[in-house]
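K.L.:
Note that the protein sequences, when read in sequence, are chains A and B.
Just so you know, the numbering used here puts 97 at position 97 of the first sequence, and the rest follows in order with no gaps.
Just so you know, the numbering used here puts 284 at position 54 of the second sequence, and the rest follows in order with no gaps.
Worth flagging that the hints you see were computed from the coordinates, not collected in a lab.
Hints may be right or wrong, so weigh each one.
[Said to hold, decoys possible] Quick list of the computed label-pair ranges, beta carbon to beta carbon:
1. 112/A <-> 337/B: 40 to 48 Å
2. 486/B <-> 157/A: 25 to 33 Å
3. 279/B <-> 111/A: 41 to 49 Å
4. 295/B <-> 75/A: 58 to 66 Å
5. 511/B <-> 10/A: 54 to 62 Å
6. 276/B <-> 111/A: 55 to 63 Å
Keep in mind that this is a model prediction, so the values were computed, not measured.
In this text, a Cβ means the ideal position worked out from N, Cα and C, and glycines have one as well.
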Amino acid sequence: MQLGRANILQVRALVRFRWLLPALLIPLCIAMLGLGLQAAAFPRPPAESLVTADMLRRLLRYHEMRATENIGGRRISAVCVQGRFSWLSARPAFGALVLLGDGERLYDFGHGVREVGRRGRSDRADQARFLLAGCPTVLADRIGTRLRDSSIEADAASADGGPVVAIRFGHRRSPIHLYVDARGYKPVELTLSGKDGRGQSDLAPGGTLVTIVRVRRAFGIVHEPRRLHA
Amino acid sequence: MPEQAGDLACARAPIRPPALGWLAGRRTLVLWWLYSRGVVLVAALVLHLLRAPRGYFRAAVFAHPFGALEAWDGVWYRQIAERGYLLIPGRQSDPAFFPFYPVLLRLAGATGLPLGIAGLLLSNAFFLGALLAFDAFGSRIVGSSLARRATLLLAVFPMGYVFSMVYPESLALLAFALVGLLSVEGRWLSCAAAAAVAALARPEGVLLFLPIAGCLLSRWGDSGPQARGRGVAAVLAAPAAAISFPLYLGWTLRNPLAWSEAQQAWGRSFRVTGVWHSLAGVGAQLGRHPWAARDIGFCLFTLLLLGLAWRAGAPLGWTVLGALLVLLPLGSGSFQSDARFGLLALPAYWGLASVTRRRWTFRSIVVSSAALLAAAVLTLPLIFP
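Modelling step: build the complete structure from the supplied sequences, incorporating the hints.
P.N.:
Have a look at this one:
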């Protein structure tokens with residue numbers, strides 16, 4: 001008798017709330033249908049584009065890069081510091097500063113690579129030095145521009161005995177290879193080849209406060225209230 | 231005798247398919263659609279011939295007769311239709327754009343039509359559908375006379391050139407109007423489908439749960455279990471459809487947050503203090519970009535019209551949705567494109583129509599709107615919608 005009453009109560013409850021079933025099932029079907037529609041309609045990006053995009057995300061986390069450049073058998077250290085600086089104008093602008101081991105100072109605030117104390121754009125050799133310093137946004141910008149055109153190649157390779165991913169970009173006649181650690185996509189090496197210059201650099205992302213202050217002082221940026229990152 | 235006369239009348243009446251007969255009853259709307267789209271297309275053609283003002287357009291945009299209508303975000307929608315999505319960190323990339331319009335572009339493109347032309351045809355056809363649906367919806371809410379005037383004003387609304395561009399706004403407008411119509415008629419399953427389309431076409435579509443819920447609540451007591459279930463499903467349809475987009479991005483790009491990351495690169499990272507920054511920075515925005523006056527003006531105008539619509543009897547859910555359409559984007563700290571976002575605030579057109587009861591008022595607003603519509607197309611190279 002008790003069991004019968006319980007059953008009746010359950011049935012009544014089921015009848016009372018039976019509207020919940022379509023209320024939940026229909027939206028679920030809509031979500032699945034939407035997912036299926038998109039999956040059927042659009043092509044998936046190539047795996048190497050996804051790897052490169054992941055690498056770019058990692059690269060953009062860094063705001064400083066230390067490098068040991070090797071051009072024509074000559075080794076020289078370089079430090080890149082990037083951020084918003086009110087250096088060239090009163091209004092802060094985003095730019096990259098590169099201080100080379102021999103004291104040469106190169107910078108790019110969106111108008112091409114220039115050298116402090118020299119008019120006009122720098123020559124090819126300085127441009128190669130600037131690029132080999134491995135400024136994260138400079139590399140990310142070059143790679144990102146070409147990523148949509150699928151003109152980027154990402155291949156498994158090895159460097160210093162460890163597994164890396166070699167990302168090839170740049171013009172066909174002057175390719176640039178960026179080698180990143182296969183696990184965490186940390187940049188480890190950059191090579192330039194072709195008519196625009198040849199060279200190689202070992203990269204170490206990040207910089208100590210002492211290094212950053214040294215670069216800023218070299219460029220005469222001392223009293224910057226705070227540095228804003230991109 | 232009367233029966234015979236009736237028979238004769240039936241015999242003389244032209245035999246039309248039901249759809250054509252229905253359309254004939256809405257001849258005025260079709261004509262106004264033709265006129266207003268004529269204004270937009272002719273203005274675009276003039277831009278093509280003059281190749282000026284050059285603004286931000288490259289020479290390639292002017293090469294095509296309707297290139298201006300395929301520009302700005304139209305380039306991104308075509309790119310998605312062609313190649314699918316790809317998030318490029320640190321740069322503006324396409325996961326910021328919702329998928330349903332590019333899906334339709336891709337389908338239309340499969341017929342062999344160039345994607346730009348396919349987009350123009352789709353957008354203009356959707357706009358005709360939107361006018362018809364909005365008229366039917368309005369006549370059930372504010373009466374046929376006010377609804378008709380509102381629909382005609384929508385046809386020539388100055389920012390309405392966007393409905394003829396390779397943008398999803400006309401599709402979203404159609405879906406919004408259908409949601410209104412179908413919810414009022416209690417056709418919940420169809421309403422759920424329309425809400426899902428809206429939410430997959432534009433992110434604002436998610437907000438449709440508000441007016442649907444309002445409509446459902448108003449008739450909850452009179453509804454049976456089946457209608458309640460379907461009604462709740464219609465309320466949840468838009469959010470459910472919208473969720474499928476991050477799910478898809480998670481599957482294809484291995485990043486379900488790709489949409490919000492892409493939005494940040496487009497300068498649309500939403501913050502709690504964003505609205506305050508938008509309002510406090512009006513002067514600075516106007517100083518940097520004088521065109522911001524357009525977006526600020528239309529935002530205020532839309533809010534004013536929504537107030538008028540509320541007085542004219544617009545449902546609360548739709549009025550709140552309209553206000554959210556122009557206020558929520560301010561969370562990104564700017565009024566950018568707010569004029570376009572306000573286009574989907576359906577009650578605003580009822581509000582505008584409510585102050586045009588006199589014939590001369592209506593006519594003068596129509597004439598000035600049409601002039602502004604043409605001017606807006608001619609200045610497309612200078613400012614994005």
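K.L.:
Run every hint past the structure and note whether it holds.
P.N.:
Now for the hints, and whether the structure bears them out:
Residue 112/A and residue 337/B have their C-beta atoms about 44 Å apart, which keeps the hinted 40 to 48 Å range intact. The hint said 25 to 33 Å for the Cβ distance between residue 486/B and residue 157/A, and at roughly 30 Å that hint holds. Take residue 279/B and residue 111/A: their Cβ atoms lie about 36 Å apart, and the range 41 to 49 Å is violated. At about 59 Å, the beta-carbon gap between residue 295/B and residue 75/A stays in the expected band of 58 to 66 Å.
The hinted range of 54 to 62 Å is satisfied by residue 511/B and residue 10/A, whose Cβ atoms lie roughly 60 Å apart. The beta-carbon spacing between residue 276/B and residue 111/A, approximately 36 Å, falls outside the hinted interval of 55 to 63 Å.
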